[in-house]
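Kindly produce the complete structure, drawing on both the sequences and the hints.
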Amino acid sequence: MTQEELLTIKADTSVDARGTSCPGPLLAAKKAIGTIEKGQIMEVLSADEGTRNDIPKWCNKKGFECLGTVEESGFYKIYLKK
Amino acid sequence: MANKKLTLALYTGSVDKLTAAGVILGGAAAEDMDVEIYVLLQAAFAFKKENALTNDRVAEITDKKDEFLASLDRLNTPHWTDAFKTAKELTNMTIHVCGFAGKVWHGEKLDDFIDLVDDICGISQYLTSAENSDINLFI
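So the protein sequences, as listed, match chains B and H. Position one of the first sequence corresponds to residue 1 (the UniProt record's numbering), numbered consecutively onward. Position one of the second sequence corresponds to residue 1 (the UniProt record's numbering), numbered consecutively onward.
Quick caveat, the hints were computed from the structure, so don't treat them as lab data. All C-beta atoms, glycine included, are put in the ideal place defined by N, C-alpha and C. Do not rely on the hints blindly, as some may be mistaken.
List time: in silico DSSO-like cross-link candidates among lysine-lysine, alpha-carbon distance up to 27 Å [what the hints assert, rightly or not]:
| id | chain 1 | residue 1 | chain 2 | residue 2 |
| --- | --- | --- | --- | --- |
| 1 | B | Lys31 | B | Lys10 |
| 2 | B | Lys82 | H | Lys5 |
| 3 | B | Lys38 | H | Lys4 |
| 4 | H | Lys65 | B | Lys38 |
| 5 | H | Lys65 | B | Lys82 |
Now the in silico label distances, taken between C-beta atoms and shown as ranges [what the hints assert, rightly or not]:
| id | chain 1 | residue 1 | chain 2 | residue 2 | range |
| --- | --- | --- | --- | --- | --- |
| 6 | B | Lys61 | H | Asp119 | 28 to 34 Å |
| 7 | H | Ile61 | B | Lys38 | 57 to 63 Å |
| 8 | B | Asp12 | H | Glu108 | 48 to 54 Å |
| 9 | B | Gln40 | H | Thr62 | 23 to 29 Å |
| 10 | B | Thr2 | H | Gln125 | 25 to 31 Å |
| 11 | B | Leu7 | H | Lys65 | 24 to 30 Å |
| 12 | B | Glu4 | H | Thr54 | 49 to 55 Å |
| 13 | B | Gly50 | H | Asp66 | 24 to 30 Å |
| 14 | H | Ile61 | B | Leu7 | 40 to 46 Å |
| 15 | H | Val104 | B | Gln40 | 47 to 53 Å |
So the derived list for chain B, only partly shown, Cβ under 7 Å to chain H, looks like this [claimed, not checked]:
| id | residue |
| --- | --- |
| 16 | Arg18 |
| 17 | Gly19 |
| 18 | Thr20 |
| 19 | Ser21 |
| 20 | Pro23 |
| 21 | Leu26 |
| 22 | Leu27 |
| 23 | Trp58 |
| 24 | Lys61 |
Take a look at the structure:
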């Protein structure tokens, strides 16, 4: 997805993991993914640089689709589709 | 498809390495890996009830211990026992204490160890687990 497309996404759920370091955001995503239905979108907020690389790899292994990352001031919004 | 399996031989009793183990276990839990942990010698000291929360020994870069521990606090890093607990809640994870290791530290009963521990085992159990794992780690 392009940055413009990512900016228009309205996530079905949002996980704010900005106060944690690796693997905190990944575990927060893992806990939250069970709360959404297949086809729904989750937004993970993380200030952890490694997480922006981790989430796509995790999605690939678990069969979810990582839609992309939007960089905000001091944190990232990572979008994934279950 | 069956879950992948991680076997972790945990020898260390130091919080730096136990914290690293907790990070790896978090990743394994996120990936739904089956995890078997074998608590060996020095780790058995750290897993004893009276030591788990008070032991602050580090194994590496010991002259920077205070800076290291302060950084863990600054980064809101969970104590290793909490990291292990979270991983155990999220995936199929079993913690075994080596019977010999337990005796070294005067822990012969399951009740001598923190509640995360599932049983006291022998070395064949570890080797069998290692033989059947996708990933084997020794920390």
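Hints versus structure:
Restraint check: the Cα-Cα separation between Lys31(B) and Lys10(B) comes to about 20 Å, which is no more than 27 Å; the hinted pair holds. Restraint check for Lys82(B) and Lys5(H): the C-alpha separation of about 24 Å stays at or below 27 Å, so the hint holds. Straight-line distance between C-alpha atoms of Lys38(B) and Lys4(H) comes to about 23 Å, which keeps the hinted pair within the 27 Å bound. About 46 Å separates the Cα atoms of Lys65(H) and Lys38(B), which puts this hinted pair outside 27 Å; it is violated.
Of the pairs offered as hints, the one joining Lys65(H) and Lys82(B) is violated, with about 42 Å between alpha carbons and a cut-off of 27 Å exceeded. A hinted range of 28 to 34 Å holds for the C-beta pair Lys61(B) and Asp119(H), which are about 30 Å apart. Restraint check, Ile61(H) to Lys38(B): a C-beta distance of roughly 46 Å breaks the suggested window 57 to 63 Å. Separation of Asp12(B) from Glu108(H) is about 52 Å and conforms to the stated range, judged on CB atoms against 48 to 54 Å.
The supplied range of 23 to 29 Å is broken by Gln40(B) and Thr62(H), whose beta-carbon atoms lie about 48 Å from each other. A hinted range of 25 to 31 Å for the beta carbons of Thr2(B) and Gln125(H) is inconsistent with their spacing of about 53 Å. For the pair Leu7(B) and Lys65(H), the supplied restraint of 24 to 30 Å is violated, since their beta-carbon distance comes to about 45 Å. Here the CB-CB span from Glu4(B) to Thr54(H) is close to 54 Å, well matched to the stated 49 to 55 Å.
Remark: the range hint 24 to 30 Å for Gly50(B) to Asp66(H) is upheld by a beta-carbon distance near 25 Å. In this structure the hint that Ile61(H) and Leu7(B) lie 40 to 46 Å apart at CB holds, the actual value being about 43 Å. Taking the beta carbon of each, Val104(H) and Gln40(B) are about 51 Å apart, inside 47 to 53 Å as hinted. Using the Cβ-Cβ criterion of 7 Å, the hint placing Arg18(B) at the interface with chain H is not satisfied: the shortest such distance is roughly 10 Å.
The beta carbon of Gly19(B) comes within 6 Å of a beta carbon in chain H, closer than 7 Å, and the hint placing it at the interface holds. With a least beta-carbon distance of about 6 Å to chain H, the hint placing Thr20(B) at the interface is held under the 7 Å criterion. The restraint placing Ser21(B) at the interface with chain H holds, with a minimum CB-CB distance near 5 Å, inside the 7 Å limit. Taking 7 Å as the C-beta cut-off, the interface hint given for Pro23(B) holds, the closest approach to chain H being about 3 Å.
Interface hint status for Leu26(B): upheld, as the beta-carbon distance to the closest one in chain H is roughly 5 Å, under 7 Å. Annotation: Leu27(B) was flagged as interfacial toward chain H, and the flag holds, the nearest CB pair being 5 Å apart, inside 7 Å. At its closest, the beta carbon of Trp58(B) sits 6 Å from a beta carbon of chain H; the interface hint therefore holds under the 7 Å criterion. Checking Lys61(B) against chain H by beta carbon gives a least distance of about 6 Å; that is within 7 Å, so the hint holds.
Hints 4, 5, 7, 9, 10, 11, 16 from the earlier list are contradicted by this structure; the remaining hints agree with it.
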